[in-house]
Amino acid sequence: MPDLLLLSIASPLIAALLLLAPAPLAARKVVAGLGFAIPAFIALYLWSQFPSANGADYHFVSQYDTGLKAALGISLHLGLNGIALPLFVLAGVVGLAAGLYALQTKAERPALYLGLLLVMQAGLMGVFASIDVFFFYFFHELALIPTFIMVGVWGGRDRSYAAMKLTIYLTLGAMLSLIGLIALYHQSGAENFDLIALRQVISEGAINGTNQNVIFGLLLVGFGILVSLFPFHTWAPLGYGAAPSSAAMLHSGVLKKFGLYGLVQIAAPLLPAGAAHWAWWLGLLAVGGNILYIGFVTIAQRDLKQMIGYSSVMHMGYAFLGIAAYNVVGIGGVVLMMVAHGFSVALLFLLSTSIYHRTQTFDMDDMGGLAQKTPVLAAFFVTATLASIGLPGLANFWGELAIFVGAWSYSTVYTTLAISGVIISAVYGLRSVAKIFFGEVTPALAKVSAAKPPVDLMWAEKIPALLLLSMLLFVGFWPKSISVPVNAAVSALYQK
Amino acid sequence: MTPELLKSLAADNLWAAIAPEIMVAILALFLLVAELVLPKKRHGIIPFISLSGLFGVFLGLLMNFRPADLGGTTFNGLLRHTEGSQFLRVYFVLCAILVTVLGVIALKKQKMPKTEFFSIVLVVTAALMLLGQAHNFILLFVALETVTVGFYILVSYTRTNPLSLEAGLKYLILGALSSALLLFGIVLLYGVAGNPAANASSINPMDFDALRVFLNHNPDNFLASVGIVLVLSGIAFKIGAVPFQIWVPDVYQGAPTPVTAFLAVASKAAGFALLIILAGVFSTYSHLVISVLSIMAGATIIFGNIAALTQHNVKRLIGLSGVSHAGYLMLGVIAALTPGIGSQAIGAVFFYLFAYLLASFAVFGVMTHLAGANDSDQELDHYQDLARTHPFLAGVLAVGLGSLAGIPPLAGFMGKLFVFVVAFKAGLYWLLAIAVVGVVVSIYYYFGWIKAAFFAHWRPPLPADSVADTRPVRAAVSLPFGVLLGTLAAASIVLGFYQGPLGAWLLGR
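Residue numbers (this note's numbering), protein chains in the order written: chain H, 1 to 496; chain U, 497 to 1005.
Excised from the complex, chain U in its bound form (with noise of 0.2 Å):
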């Protein structure tokens, strides 16, 4: 590599396309030195400096949503701009908000070291801000491997906690192993893209555009077609989607609740970014992925909804159940696979990740304030008269799971309405039929636990020699903790009822 190689390279190196995720580990540094600096007594600001940093950033990234760049590659083509990259920029500085929030109210409840979770919150947002750019399969692992590395220590962070801990090592195997699958993958269609004897090959077939231009020559290559599955397959493990959502119960229910929020939510959200990402970049194989792709969501719907009918601990149920939002969003990106509404079903993907996120923080709040000291030990009797104690904690509560259940006027019905009327377009009707008995499926898990908070139970009497209710008690919600959370859920019944020009954006593209 000669000085003038280097040169050329980096001659679109625009540091400026990427300044709010250099900001973002800028903070996350700087959260370090704080703790370094500020006396002890001090630590507690320190995940408000955080939180004060990323709001900074959500600002600037929404005054600067639509930069001179966008549609364009920089860094020699490591990252592509679009509307959709700088939507879940948006996102994932908005889940990094709130799972820091969560985190305050968590870790108040454990003896642990503080400041790191919320640093590596930060190292992880950075990264999967780049992931939802990628455009390079090098950085799409590098950026991919740092959010796993710092899911592994998030979901072991209470570390006192065993289940916390097998949670981790769960996570970090299957990680592993989800990791050399994607790796392997990568490595087949580097292989065959960069073979010089092959048509069309590529002297840098990282890259998607020159592996795209490969693949449109060689339709029916056999290791390419290796290599996609292979790829996917590795994607499908962070979305948790059969048969790859082994690892979802236990990790949920054992990482602290605002981790379970921020994989939920986040991780499977740049899941679905690469799917949509990558299924651009495959488009010439698209009979390959969408047959791959519409098993996983059948079985996924089936299997997500089955499987937390029996579920009993909050934690794992609604690890479950966003195994069935998994598959409904496939629907999406099946759809958005077939010619003609390829855009406005990844705004209907989009729109259901929002109202996801809205819903599921609403529902996480609620549950990190519940949560006693064992952060584990949380089941659907804990929930027991809550509407008599809590009623504003209840409604929250119900409105966050009436959305994620699909209930009109709640933005997750809007979700996936537009996700079904795009899988219809697409002519994707045993998919449908299976959604339609997932969702009426999910009516009974969820309305199940809105039950357990609302109706009145029966409650057996305490044996003699027992000490007292083991369940957790309820303290007050403190003031700003109840107006987010009442913002959440008011968000999600004002989105239900009106779209506006986010549903025109997202969908009228």
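So that you can see chain H by itself, here it is in the shape it has in the complex (with noise of 0.2 Å):
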């Protein structure tokens, strides 16, 4: 059998490069559209062969030398595990998404446009595929580059300002949690910079316990400026803000992950000493920070794409407090939400830019009325934003009922007050269902209207949309398909 995980990876790669070969746009489009759905039907083909009551182990797994595994023990080491597995498909189905949507918008030089964003794709197959560490860093920076030009160059608002900010930002989280995992190489001394070989090593001794303090700080920040942790938010509403649609897809869905990813497979389970130390700032930035205070910013948004990205950063809040409770429940709960926000906040995206073709603005005051014109663009937009708000019957439901579970022994304070943060959800989720599609259609959307009257979805946005809104539905109904396999591998690592 070829090895499925490289093709994964490097389909969209040879893809990108096929476009660079002067050819009609018609054909370039195919190829690209292949190079998009190829790791999708991979990841769903591993995902249905996954052994999932053995999700502790790796599997699929294979390795190749690139010239460092005898000086470094660095080598291309890929497989997938219980915990990388739902993410690998989260990766694969949101990047088909997202490219389908890319290769209907009319953006222009397209060519560019889709090679950019497959290097994206691979990037990220590449970081959930990777077993070493130091590729999965490797892959989390391929695919975090061409973000900068996708921002700068077919961004929205204040694209230069935010193109900057935002790599800026995510520069110094990646180089604080490169050196955080330096360290956590050098001071663990294993032969391998893989994590099979990690975890052998630090079952057999730990690591001290101030090293573990200082490096699971590294990592924490790092990570946590990745994903968007209070108060290293503010790249995130306003990059998502301005970047283009895919890419904002691309991003918020699956890159932000690999930050929480990060944490989950390797910084929680390898410096558990480390994880106890922090675990009290962690909660409380999480809580406080990311839950209730973003929160309320996201209440205050008119602007929808920023309501969204405020949005992404609250839930990531959850995510964070499932890591400081540290229990089998809440870190599978953390896995389960990573996968179930990473396909609701891409699909509401996809939605809002949808609506912005149809409106010609993001200002939420300026809409209304919408769903008289449009009725299948409000259902979508009502199913999305109901998941992420946490509907039972959606993914995200189950996510956030398991780090509440969890969280509770952790402390009941701060569960209470995570759990109130759904009606903070609730309220600007709905008001903003409200706001675009009930109610009187305003002045400003009549002048547009009249100009070009709104069409319902087309097929083309319909097919990603969908694409997302069915996982939704299917992890919503079927848990079981993600949470065995994560919980076999989330027992293993952090049972004591």
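I should point out that these hints are in silico values taken from the structure, not numbers from a laboratory.
A virtual CB, placed ideally from N, CA and C, is assigned to each residue, including glycine.
Counterexamples of contact, computed for chain H against chain U with all Cβ distances above 10 Å:
id	residue
1	58
2	107
3	272
4	438
5	443
Footprint (simulated), chain H over chain U, 3 or more residues, beta carbon under 8 Å:
id	region
6	898–907
7	914–927
8	932–939
9	942–952
10	988–997
Make the complex out of the two chains shown on their own, each in a separate frame, by following the hints.
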């Protein structure tokens, strides 16, 4: 059997290279479409083949030496365990949805746009397929850099400033986590820079307490910046507000999960004493900063994309709370929530751009009564909003529920406050639905629709939206498809 | 001196060992002859004679990379041939090839005598190749002066441009100061080590082995310490480390762009080659060397990055960013002084230098191509809309700058990673923290440049009385030059993904 994991990383890259060839745009779009589709199908196929009960071990493993194996213990070591698998599926599916949505947008220089998106996709597949910690980081950066150019070239308001701020913030986060990872590798004394070797070495003897505190602190701040942990979150709403839709979908849906994944898969299990040392701070920032403070900030937003950006910052608070709780239920909830949030926020960004094409504005005060003209769009948006609030039947519910159950034993106060955050989500979520789709048609919207009557969601937009929505429903109704492998992996890593 | 003594001194003059240098030097003279012999309209082939000669030397070096005498000394201890010095020889020849190509393009835009440029590049290259093998202070100084004097001429080569002349003057005066410091340091070391009353003194204290033995037996000699600090200062000039970086922005701006590239890459690499060699000689005094270099490295990273932030002239910008690269490289040199990780740290420095060469020449190539008649006037504004008019050049520029900024998956990132790993192993936590901040700061100006080339800009309308746009006209890239730039960019990308035998060799030692 060919190495499917390597193929899932290589196929978008090859497609991106082929886009450089001078060919008619239609042909290039076919190539790009294949580059987006192959990883998604590989991800779904591997999901079906994954031996869920044995999720603690890595499967589909392969290893390639890039020249540094002997000297530094770094090699391209690919494989999936129970935590990596759902995120790998997330990357594949969201990548396909973002790609399909990008194929129909009328961006300038479409080949460059698609090419950068393909590079991002390749990086994302690589992040979650890597057992080697170095390549995990490497692929993240590979995915990160295209966002700079995409925001700057095809972005909306404040794109130049947003691109710069995003890149500087994320580079700072990435550099801190890189130093943290090097420190972890060096202090553990492992022969190889991969998770299997690191876990092996640390199971034989943990790193001493002070070093654990320092290294976990570095990783927490580094990864925290990447996941928009309060107070390092300011890049996120600005960047997502300015980013073109497909880049925002991939970045907020998948790339941002890199930091959480790093904490759940690497930092927390390998540095338990460090995690315990920082748990109090992490819980405080998560609940007080991300959930409550940012929650209220989200309510105050008038710009739809900014609101989605802030809401995604807020939802990261739940994930941090789950990590602070540090038990099997809570961490399992974090993984579920990462997947669910990835699908739902990508869907929201997709729909918000579709709304923009019909209203020519992101300002929610200038919208209203859109449901009369575009009922299907309204239905999608309402479902996506309910998913992000955490309605049962959609995937996000299970993640939040498990986090609250896990966090209850950690701190009843924090958990109670976090649960009240759900009300905040409901307030801004439902308010945005009401403002955009119901009520009277505003004069601004009437003027726009007189010039160009809004059409309902077209098939080119519907297919990626349906793809994301069906994943939300599938996981919502059958959470075991994800929770069994996750539980197997998490219990192996986090049992004390 | 009796003839017998001379004969015995010359006994190990292995001329074959320096055949590459001799060939490069003969090539330099041959170019001058060719200018006299060839009819004037045929002078255009002179740089291609130089290129084919250099290419021959390059291939010869690669084919005979491990000669039989590797590890030994020749010429009565003047030269020492190691794997590292072989790497540097290849490196400098590669630099010379690229500088010659850039020179062809840059000199087309000037009304200048052309042959001398290529000839002097070759002389400097031969001297640089000898420097990498220096095992004696006399040879070191003579070779270094040959390099420096060559650069005096090259820097002020466009003599109709006042900025180029100013740059030449600055380089001359400050270069003379640095040579004086270096020489004074050498003399002090010579004096203390040659003092017959001293413990383990030598009759030939210019020799690095003799000097090392002396220093080992005299671990806290004050004059020797002063000498070491002065020698290090002289070399710090060459690599542009703080506080000896004063000349960098003006000289980089005034010098013709190919010379700027030569200074930035080859001259800096030579400085690091010397630092690495001398770090071994001064190993007994490594605490002193480490503290001097640590202070310099920290200050260099901070100064280079912060000073580059406000630049609008891209030549000054890349000069100051080059200062910060010297700082990162010094981290590797300091790590090399820590026992146990020495050779790996040196490998990391070499890898960094190689990635820096690939990235720098990609960027300098684009700069040379885009420069107008006034070579010093290259502003960030001139790069506006480059991605729209010349997407290929913009792509090469982005790869080069990304690699300099240390962004994965480019080679520059791997270089930084290796240096950071060895620095971590050596426990240089504070310097690492400074370096991380430096990298983040550098994103602003490197990406600012990419931003200028890629993002759409609002351009103010020209005032009514102005003639036209003062920005240089952009020509199309010729195919061979395009292939070269594409190769440089592709090499940066491939080396980022796959270090292969090069990485295994450099870091596995």
